[in-house]
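Protein chains in written order, with the working numbering: chain A, 1 to 232; chain B, 1001 to 1441.
Everything labelled a hint here was simulated from the structure, so no lab data went into it.
Because the structure is a prediction, the values reported are computed rather than measured.
We put the beta carbon where it would ideally sit given N, CA and C, even for glycine.
Please note that a few of the clues may not be correct.
Claimed, not checked - Sample of chain A residues with no beta-carbon within 10 angstroms of chain B, all distances over it, derived:
{"no.": "1", "residue": "L67"}
{"no.": "2", "residue": "R87"}
{"no.": "3", "residue": "L98"}
{"no.": "4", "residue": "A100"}
{"no.": "5", "residue": "H141"}
{"no.": "6", "residue": "E182"}
{"no.": "7", "residue": "K218"}
What the hints assert, rightly or not - If you want a taste of the chain B side facing chain A, the calculated C-beta under 10 angstroms gives, among others:
{"no.": "8", "residue": "K1014"}
{"no.": "9", "residue": "S1015"}
{"no.": "10", "residue": "L1018"}
{"no.": "11", "residue": "R1115"}
{"no.": "12", "residue": "K1266"}
{"no.": "13", "residue": "L1285"}
{"no.": "14", "residue": "Q1287"}
{"no.": "15", "residue": "A1289"}
{"no.": "16", "residue": "I1332"}
{"no.": "17", "residue": "R1333"}
{"no.": "18", "residue": "G1337"}
{"no.": "19", "residue": "L1438"}
Said to hold, decoys possible - Have a look at the derived ranges for each label pair, beta carbon to beta carbon:
{"no.": "20", "chain 1": "A", "residue 1": "D78", "chain 2": "B", "residue 2": "E1441", "range": "49 to 55 angstroms"}
{"no.": "21", "chain 1": "B", "residue 1": "Y1424", "chain 2": "A", "residue 2": "F144", "range": "49 to 55 angstroms"}
{"no.": "22", "chain 1": "B", "residue 1": "L1412", "chain 2": "A", "residue 2": "M3", "range": "41 to 47 angstroms"}
{"no.": "23", "chain 1": "B", "residue 1": "V1419", "chain 2": "A", "residue 2": "S178", "range": "35 to 41 angstroms"}
{"no.": "24", "chain 1": "B", "residue 1": "L1017", "chain 2": "A", "residue 2": "M3", "range": "26 to 32 angstroms"}
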Amino acid sequence: MKMAARVIDVHKDYVLKGGVVVRALRGVSIDFPEGDFVAIMGSSGSGKSTLLNLLGCLDRCTRGQYLLGGQDVSQLDDDELSDIRSRNLGFIFQSYNLIAQLSVVENIELPLYYQGNISREARERCVQMAEMVGLSDRLDHRPFQLSGGQQQRVAIARALVNNPHVILADEPTGNLDSATGEEIMQVLEALNAAGKTIIMVTHEPDIAARAHRTLRMKDGLLDAHTPYGALT
Amino acid sequence: MGSRFWQTLRLGLKSLLLHKLRSGLAILGIFIGVTAVIWLVAMGEGVSYQAQQQIKELGANNIIIRSTKPPSDVTRGGGFIIAYGLLRDDYDRIVANVPTLVQAVPMREIRKEARYLDKVTDVRLVGCTAKYLEMNNLRISRGRFLSDKDLENADNVAVIAGTTAQELFPYEDPIGQSVQVEKDFYVIVGQTEPKNPSGGIGGSMAAQDFNLDIYIPLSTLRGRIGDQVVTSRAGSREGERVELSQITATVHDLSQVDETAEVIKKLLARSHPNVDYTIVVPKELLQQAEVLQMMFNLLLVLIAGIALLVGGIGIMNIMLATVTERTREIGIRRALGAKQRDIVSQFLSETVVLSATGGLLGVFFGFLCHPAIVGTRAVMRQLFPEVISSLPPNIQQLEPRIAPWSIVAAFLISVGVGVLFGLYPAQRAARMDPIEALRHE
C-alpha cells in the first residue's frame, strides 16, 4: 500500500529556559496510507499538537524519521521545509486563519504564490477550488464579509489548491456551531472519498468518530489500547 | 520574477492602505526630510550663485590690480596731497615684462558731479581705453563706445551709463548732447546697457556699480583733470595724486592666472616699497566661494539628514508595531509555504513603499520651493514691509535654485532610509517561530 506519510520513532524534546527538558514526543511511529482519514485525540499536553506541527513540517523532530510522500523530510532546512509546505501540505485551522486584507481568491492562492506560481492557470485553479466549496459567487469578498462556515470553506479550498499529499486539520469544527460543523465534516468526508489523505486533531469524540480510525495520544506516546495501523 | 515583484509591491500597498493614518504619519516624516533637503540646498545654491555670478563678472581670466590708499604716514609727496597707487610706468612695465598677458587695460576713476542744464547727478567718471567695454562685459545700447582714435586725439567725447542717462536726460536722446563735468563739456557718443553689479574687490571698493558711470578717454581725463584731485571738506582741503586707479590684466588661459599674478606681484614689489595696491584674482575668489558653498551644502545636507533620520526612526517604530500586530498573519504565511526571505521582502516592500511615497511627495514639494519662497516674500512684503526692507539684499533678492543632485540624492536617501530602517523589523518578522506566530492572538 502506498504511504502518504510515515513517522518512524520520532522524538521531540523542548529545552525550556533554565535548562529543563520537556519530552513532548517519546518515540511515535505511525503509517498514513493514501486515502486515510485519521483523527488524533488526546488531552492537552499529550503531544498531539507537537505531532501535528511535525507532520506539518512547521517543526523538526529531535530524533526519528518523517517520510512525506516517500521523501525523507526530517533533515531539511527552513527554506526546504517552507517549500514542502507550499507544495505537499494543506492546512485547515480551528480559527480559519485567513488573511484579512486579502480577498477570498487571493487567500486561496497563497500556497501557489509561495511556490512562485502566479500564472493565469493558478488563478483559474483557485476559482475552481472556490467553486468546489460553494463560494464561487464570493471570490472578491474579504474574510470579514463571510460567516465562520464560509471562512472555513475558504480555508479548505486553500488547503486543496496545491493538491497536497496530506491535509492537516487542527480542530476544524472547533469554532463552529454544530450545524455548520456538520457541513464542514461533510466537505472533509467528500474530499476523503475523492482520495485525499486527511489527518485531523480534535477533542470531540463525535467528530473523531467520522474518521476511519482514531489515534489517542498520552504523555508523548500513542496510547497502547488504540487499534493501530488497521484501516476500518 | 518581475510580476512577483509587482505582486509583492501591490501587497505592500494594500496592507498600508489598511492603516491610512498610521502610514500617512510615517510618510510625513520622510516627506518633511526630503523637502527639507531640497529646499535648504536650493536656498544655499541660490545664495552662492549670486556670489559666484558677481565674481564671474570680474572675469575668471583676469588679474585686477587696484590702487589702494595706504596708512597716511607712509605716502609719497608732501603737504596735504597724498600720492599713492599705480603709475603709468607700472603699466608700461607690466605690458613689457609679462609675456603671458593678452591685454592690460588701465583705468582711472574719480567721483564727480555731472551736469546737463539744471540737472546734477553724482557719477563715477572713468578714464579708460576702448577695451574697457568688452573687458567688463558691458554692452552698448545706443551709439558707440570710445575708440582708439578718441584716445589718440584726447577727444572730448563721453559714453554714459543707463542710470546716469536717466538722471540727466529723462526725456531726451542723450546722443549728441553735451554733459558737463566741472568746467569741461563732453559730447555724448554712446550709452551702455544696464548691468548687474559685480563683486567687490579687496577692502577699497564696494560692489562695482557700472550704472552710474561716464566713460571718457584716459588721455582726455589726464589732460583735462590731471592726476591730482583736491576736495574741500569741512574747512580743510584734501588732495590725492593717483595716476591709475586700476589695471586689469587678462591672460589667455585659466591655468596661467596664478603664475602671472605672481610675476606681477614681484614686478610691482620692486617699485612700490609701500604696498599701495591690491592684487585681486577673481579665480581665487571663485574657488573660495566654491569651497564655501560646498561646506555650506554639506552643513545643510547634515541638517536635512537628521530630519530624514528622524523620519526613518518613525518608520521603524511603525513597522515594529505592524510586525507585532501581524504576528499571526506571518505565522499563516509561513505555514502556507512562505520562506523567511518572502517575509523579509514583504515587510521591506512596505517600508520602501512608505519611504518612496514620502520621497516622491518630498520631491514634488521640493519643486515648489521657488514659488513658495517668492510667494511668502510677497505676502510678507504686504504685511510687514519694514521687516522685509530691513533684511540684507542677498536675502531680499534670494532666488532659490534647485540643484538636480539634491533631488536625486534626497530621493535615494529616503529609499535608503526605508530599506535601512525596514530591515530590522522585517528580519524580526521573518525569524519568528511559525508555531509561536500561529498561536499568537
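Evaluation of the provided hints:
1. Every CB of chain B lies more than 10 angstroms from the CB of A:L67, the least distance being 19 angstroms, so the non-interface label holds.
2. At roughly 7 angstroms, the least C-beta separation between A:R87 and chain B is not larger than 10 angstroms, which violates its mark as non-interface.
3. Residue placement check: A:L98 does not keep its beta carbon more than 10 angstroms from all beta carbons of chain B (closest about 8 angstroms).
4. Interface exclusion of A:A100 from chain B breaks down, the closest Cβ pair being 8 angstroms apart, not more than 10 angstroms.
5. Once the 10 angstroms rule is applied to beta carbons, A:H141 is consistent with being away from chain B; the minimum gap is 15 angstroms.
6. Taking the minimum C-beta to C-beta distance to chain B, about 26 angstroms, the non-interface status of A:E182 holds against the 10 angstroms cut.
7. The Cβ of A:K218 lies farther than 10 angstroms from every Cβ of chain B, with a closest approach of about 21 angstroms, so its non-interface assignment holds.
8. Hint status for B:K1014 relative to chain A: holds, with the closest Cβ pair at about 5 angstroms, below 10 angstroms.
9. Against a cut-off of 10 angstroms between C-beta atoms, the interface hint on B:S1015 holds, since the closest Cβ of chain A lies about 6 angstroms away.
10. Taking 10 angstroms as the C-beta cut-off, the interface hint given for B:L1018 holds, the closest approach to chain A being about 5 angstroms.
11. A cut of 10 angstroms between beta carbons decides the hint on B:R1115: the least distance to chain A is about 85 angstroms, and the hint is violated.
12. With its C-beta approaching chain A no nearer than about 76 angstroms, B:K1266 sits outside the 10 angstroms limit, and its interface hint is violated.
13. Nearest Cβ of chain A to the Cβ of B:L1285: about 61 angstroms, over the 10 angstroms cut. The hint is violated.
14. Interface hint at B:Q1287: violated, since its Cβ lies 57 angstroms from the closest Cβ of chain A, which is beyond the 10 angstroms cut-off.
15. Interface hint status for B:A1289: violated, as the beta-carbon distance to the closest one in chain A is roughly 55 angstroms, over 10 angstroms.
16. A hinted interface residue such as B:I1332 counts as satisfied when its beta carbon comes closer than 10 angstroms to some beta carbon of chain A; here the least separation is about 5 angstroms, so the hint holds.
17. Because the beta carbon of B:R1333 sits about 7 angstroms from the nearest beta carbon in chain A, less than 10 angstroms, this interface hint is met.
18. With its C-beta approaching chain A no nearer than about 2 angstroms, B:G1337 sits inside the 10 angstroms limit, and its interface hint holds.
19. Checking B:L1438 against chain A: minimum C-beta separation of about 7 angstroms stays under 10 angstroms; hint holds.
20. The supplied range of 49 to 55 angstroms is broken by A:D78 and B:E1441, whose beta-carbon atoms lie about 25 angstroms from each other.
21. Take B:Y1424 and A:F144: their Cβ atoms lie about 31 angstroms apart, and the range 49 to 55 angstroms is violated.
22. Judged by the Cβ atoms, the range 41 to 47 angstroms given for B:L1412 and A:M3 is violated: they are separated by roughly 55 angstroms.
23. Against the hinted window of 35 to 41 angstroms, the Cβ-Cβ separation of B:V1419 and A:S178 comes to about 51 angstroms, which falls outside the hint.
24. Distance hint check for B:L1017 and A:M3: the Cβ-Cβ separation is about 46 angstroms, which falls outside the suggested range of 26 to 32 angstroms.
Comparing the model with each numbered hint stated earlier shows that hints 2, 3, 4, 11, 12, 13, 14, 15, 20, 21, 22, 23 and 24 do not hold.
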